[in-house]
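Start from chain P and add chain V according to the hints.
There are 2 protein chains.
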Amino acid sequence: MSENNKRWFTEEEPDYGSSFSLSIKEKLHDEQSPYQRIEVYETGHFGRLMAIDGLIMLTDLDNFIYHEMMTHPALLTHPAPEKILIVGGGDCGSLREVLKHSEVKTAHQVEIDERVTRVAEQFFPSLCESNNDPRAEFYFTDALQWLKESEDGAYDIIIIDSTDPIGPALGLFSESFYRDCNRCLSANGVLIAQSESPLFHMPIIKSMQEAMHTAGFTEIATLQFPQCSYPSGWWSVTMACKEKNIHSFRKLASDSTVIETKYYNEKVHAAALALPNFMLTSLTTKN
Amino acid sequence: MSENNKRWFTEEEPDYGSSFSLSIKEKLHDEQSPYQRIEVYETGHFGRLMAIDGLIMLTDLDNFIYHEMMTHPALLTHPAPEKILIVGGGDCGSLREVLKHSEVKTAHQVEIDERVTRVAEQFFPSLCESNNDPRAEFYFTDALQWLKESEDGAYDIIIIDSTDPIGPALGLFSESFYRDCNRCLSANGVLIAQSESPLFHMPIIKSMQEAMHTAGFTEIATLQFPQCSYPSGWWSVTMACKEKNIHSFRKLASDSTVIETKYYNEKVHAAALALPNFMLTSLTTKN
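Residue numbers (numbering that gives the first Met the number 0), protein chains in the order written: chain P, 0 to 286; chain V, 0 to 286.
Keep in mind that the hints are not guaranteed to be accurate.
Which copy is meant is left open, so a pair is good if it fits within one copy or across any two.
[Said to hold, decoys possible] Capping the alpha-carbon separation at 30 angstroms, the derived lysine-lysine pairs in DSSO-like fashion look like this: (1) Lys266 / Lys205; (2) Lys266 / Lys243; (3) Lys24 / Lys243; (4) Lys99 / Lys82; (5) Lys26 / Lys261; (6) Lys26 / Lys205; (7) Lys205 / Lys250; (8) Lys261 / Lys243; (9) Lys261 / Lys99.
Note that these hints are calculated values from the structure, not bench results.
All figures in this text were calculated on a predicted structure; none of them were measured in a lab.
Looking at chain P on its own, in the form it has when it is part of the complex:
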């Protein structure tokens, strides 16, 4: 937060010469965990804001888009997702969406920093409303090591809900990690990872796709969606499948009362797979 104007929380993107600010009513929490600085603010119009190391992780107003797009496309691409692994995801928003699917039997959440989850439980109770679901298991440990020690085919879906590819999360963007993910996925397994901004970070998206391909995945696609409080207001997830099923995803029952979504529907899912020309030009994989 800029020191000369306490009314705003500002996240600068020095490499892109832009910044995004939210008006602040009150600071609710500020701690240095063993891994990172975790702050929570009450904003003027975006509800509560969580920041990690000065970067906006989520706001009440717009996190629904990210969490729905981080989860439902992957789970509906798999024919019957039962065993789910969430890497990171400490705010528990992705976990909540995963547990809306009745096919899911277990959801392991492997987050290195327990404090993120405890802070989320305190300040973002709606994101954590399914934390007591008996299918949810929390492991506060290093996901790289967790994957190395997991059995072959242990999971149907792996969701990499990480911070940016700097610092502790860097290993979560590497080919060797994707190779471990591939090994730990069952036959129809699907990996999905947050993959930064199409406007700012095409080199990252391209290298993620290439690393997933080299790691043995058969079909890879990037899905894009608006995300106001992330850099450029435009974000993406990249999905990698062991089988060719990215374009034949299941549809939510139209009368579903279990899976209520604010952003996701099957047309939006297909639309997220439609990439603009400049993305197609720079990517080897064309969705």
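Chain V in isolation, oriented as in the chain P frame:
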């Protein structure tokens, strides 16, 4: 631009408690026209920036999305668009995209403030590269009056490339104006208007759709797309057709070298029509 930090151009959204800033290298132009204040800056990473009355109108980096989505969906929804009217659009980016279509015989641009176009010619030459096309005619006058005096069925396409619905542009969002547009459109005529942010401005989108319906249009749809330098990073255009043809748009020839686009393609067009659940819930028209 914030006075205590000259390195940034900042646009605040007081109603939404957010602000977006671009780093600035140099101010290139600043004038008060008879209608508004026009500024041009050289930014750090977004190329040049034009602001009107302190609001970001466009940057070199991301204006391609807006201008392509403001034009190609409408022109490809019409079976044979020959006579085009652009209301506003003084930066000439929409005009450039319109003139890429070989079917177009005339493009009238009716912009109230000649200074916007002259400043664009000086500082954004690539947007103005088609201004000398013999099909382009510039009229610097009030578009409301222009439409009142235009003949029935004079245009195939009307593009409302206006500023926000405040001040001089307010009348461009009214039912009576849409009624004049309807009268001036030919049998398969298509109206397309910029319609603000899905995240911030659903009441405006809803009232625009309702006003277009009341004004006599048969089919109405809102298209959404990312737009980094506009509030919330997410923007929309709303299209109104005299006939039912919104979902049967023509495809660009795949080998088109005339219509080169960086954002638009037919899948992106269909994708822009796919609305998230919260938009469907709040709109009467469901695309």
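Right, here's what the structure says about each hint:
{"no.": "1", "hint": "Lys266 / Lys205", "in the structure": "both (25 angstroms within a copy, 20 angstroms between copies)"}
{"no.": "2", "hint": "Lys266 / Lys243", "in the structure": "both (20 angstroms within a copy, 20 angstroms between copies)"}
{"no.": "3", "hint": "Lys24 / Lys243", "in the structure": "neither (49 angstroms within a copy, 48 angstroms between copies)"}
{"no.": "4", "hint": "Lys99 / Lys82", "in the structure": "within (14 angstroms within a copy, 51 angstroms between copies)"}
{"no.": "5", "hint": "Lys26 / Lys261", "in the structure": "within (28 angstroms within a copy, 42 angstroms between copies)"}
{"no.": "6", "hint": "Lys26 / Lys205", "in the structure": "neither (38 angstroms within a copy, 35 angstroms between copies)"}
{"no.": "7", "hint": "Lys205 / Lys250", "in the structure": "both (28 angstroms within a copy, 28 angstroms between copies)"}
{"no.": "8", "hint": "Lys261 / Lys243", "in the structure": "both (28 angstroms within a copy, 28 angstroms between copies)"}
{"no.": "9", "hint": "Lys261 / Lys99", "in the structure": "within (13 angstroms within a copy, 38 angstroms between copies)"}
The structure does not agree with the numbered hints 3 and 6 stated previously, though it agrees with the rest.
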